[in-house]
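Enquirer: I would like the entire structure built from these sequences, with the hints used as guidance.
Number of protein chains: 2
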Amino acid sequence: MNPFAPSLHRSVSALGEENLITAIRRWLGPVSPKAPFGIGDDCAVLPGSRGRQLITVDPVIFGEHFDATVPPGAVGAKLLKRNLSDLAAMGGRPQAAVVALALDPRTSTRWLEGFYRGLARVARRYHVPVVGGDIAQSKHALVASLTLLGQATGPRVVTRTGARMGDWIYVTGRLGGSLPSSHHWKFTPRLAEGAWLARRREVRAMMDVSDGLAKDLHALTPTGATPAISAAALPCRRGADVRAALTDGEDYELVFAVSAGADRDALARAWRRRFPRTRLSGIGRFVQAGRLPAEALNLDDYRGFEHLR
Amino acid sequence: MNPFAPSLHRSVSALGEENLITAIRRWLGPVSPKAPFGIGDDCAVLPGSRGRQLITVDPVIFGEHFDATVPPGAVGAKLLKRNLSDLAAMGGRPQAAVVALALDPRTSTRWLEGFYRGLARVARRYHVPVVGGDIAQSKHALVASLTLLGQATGPRVVTRTGARMGDWIYVTGRLGGSLPSSHHWKFTPRLAEGAWLARRREVRAMMDVSDGLAKDLHALTPTGATPAISAAALPCRRGADVRAALTDGEDYELVFAVSAGADRDALARAWRRRFPRTRLSGIGRFVQAGRLPAEALNLDDYRGFEHLR
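If you read the protein sequences in the order shown, they are chains W and V. When the first sequence is numbered by numbering that gives the first Met the number 0, its final residue is 308 and no position is left out of the sequence of numbers. When the second sequence is numbered by numbering that gives the first Met the number 0, its final residue is 308 and no position is left out of the sequence of numbers.
Note that these hints are calculated values from the structure, not bench results. Some hints could be false.
Which copy? The list can't say, so a pair holds if one copy fits it or any two copies do.
The calculated EDC-like cross-link candidates involving lysine to aspartate or glutamate, where the alpha carbons are at most 20 Å apart (straight line), are [as the list claims (entries may be wrong)]: (1) K185 to D300; (2) K138 to E16; (3) K185 to E63; (4) K33 to E16; (5) K138 to E63; (6) K138 to D66; (7) K185 to D210; (8) K185 to D66.
Expert: Set out below in structure tokens:
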């Protein structure tokens with residue numbers, strides 16, 4: 000059977016990413032455990048690890064996540080940092096990585112050297128042994144997938160579920176304009192911030208922003224609620240407007256929910272002491288669905304990054 | 000920088016797989032631990048696991064590991080079984096898997112359903128939860144990489160190093176003709192056999208045969224030795240000759256070294272009791288390099304599968 004559909008309407012592109020993931024879970028059936036022990040969070044919590052071991056996988060693909068303008072070292076660095084960002088989102092620290100390469104036999108040795116040296120720089124900085132990998136041929140392609148194992152840093156890992164009606168919504172750093180500013184490969188994964196937040200009891204749910212806040216926030220939103228975000232509070236990157244901040248993607252920042260009754264001033268003060276150089280923004284809260292205040296953004300008007308176009 | 004070299008002699012194809020792996024370890028530098036804790040064995044032993052947790056990654060790629068003649072369910076099954084074979088080679092049992100897909104947006108939904116249902120069948124049979132994954136777009140490609148975590152089943156894992164001069168060489172099942180016989184996707188990973196062998200003290204080193212015995216045996220051969228293999232003892236698959244058995248690859252059988260002083264009759268009897276339907280063949284032994292008996296095969300005349308052509 001030919002894996003490529005004769006017409007687009009029978010393809011994964013027509014199905015779309017979200018429906019495809021739902022379908023995959025159905026096809027897998029009983030071997031697909033519920034999140035956080037299966038598909039659906041930034042990392043999966045491994046069975047038999049007493050909730051303490053995490054795993055995630057993310058690729059970089061030529062023509063998708065980088066092109067010839069990005070230095071090879073930045074591509075290797077980005078590959079590991081993307082995965083570190085997923086680990087940060089659950090409050091984990093890295094344990095080990097493996098890299099699977101599928102590459103055209105014409106791939107330049109010099110390019111590959113740059114790629115691995117860039118990867119190694121980040122691996123040294125965050126203490127990630129690269130323990131294995133695989134190299135295989137794939138004509139006209141260059142795909143590098145990295146699987147990252149990690150461990151909880153504190154007494155718990157933070158998942159995407161747990162936010163409640165009325166909770167405040169916070170985001171680290173700035174959003175939007177990732178591509179023109181080269182932030183998409185220059186970013187710093189928020190490992191220290193994620194580990195710190197996982198120890199704060201008022202933080203109820205967390206994830207990283209990779210496909211644009213407007214799209215990603217759905218996963219954090221409790222049933223029956225809608226996020227009421229203030230445009231004025233959005234920390235837009237220089238040159239990025241509200242639409243860019245909500246939809247560009249590749250921000251690699253953390254978005255998290257803080258319980259309604261928390262001492263928000265104490266949180267802000269503690270944050271500034273610990274992370275004086277990283278911005279923290281309260282951008283809104285979860286309100287009853289259908290009761291969006293007039294001044295709040297309607298996120299349905301914004302769409303995040305769609306992986307299968 | 001363009002990742003594809005303007006001329007082939009600066010490409011990974013010209014460098015070749017073995018030199019490339021050596022180069023990668025050099026580029027990674029201190030973040031690349033020594034095997035079995037790093038690159039170089041069937042699986043890597045994870046740091047901080049007291050030698051008990053294993054990780055491996057292997058892909059299936061359209062045009063390389065399968066084509067339109069292989070049913071999609073068999074492709075999904077093969078992806079997991081290839082990795083289970085690596086785990087078997089160290090005496091491990093599976094713990095969890097993640098799957099990274101890079102696919103052309105034209106990929107057929109029906110094909111993908113078959114792929115995942117085939118993967119799920121094998122996952123159910125061997126109790127492997129599929130805990131996560133990633134889907135990304137890659138034009139004109141279809142690459143599925145599976146990372147498998149496993150655990151030691153007994154008191155030790157068996158690595159590729161440990162064979163000594165004079166040790167006997169054994170192989171499970173039959174070799175050669177994997178492609179014409181469809182063995183390359185119909186095979187059964189030798190998990191039970193690998194776990195059993197890891198508990199036998201006379202088994203000193205083990206690996207799986209995936210690139211052809213002639214190539215793979217190098218990794219098992221102790222320094223200063225050469226494998227003296229008897230053509231008559233080679234368990235050729237029906238329709239496969241000695242050359243096919245030595246070079247075809249994709250056998251997914253186990254090859255292992257048994258200490259020179261072992262009671263080989265006792266081993267053979269115990270094997271037949273436990274695995275009456277799986278052939279076990281003593282095919283030769285490790286002798287002094289340069290002292291190959293006249294009747295032994297010269298493996299330098301045979302080449303196994305080269306991944307970057």
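Enquirer: Find the hints from earlier in the document that the structure breaks and name them by number, from lowest to highest.
Expert: 1
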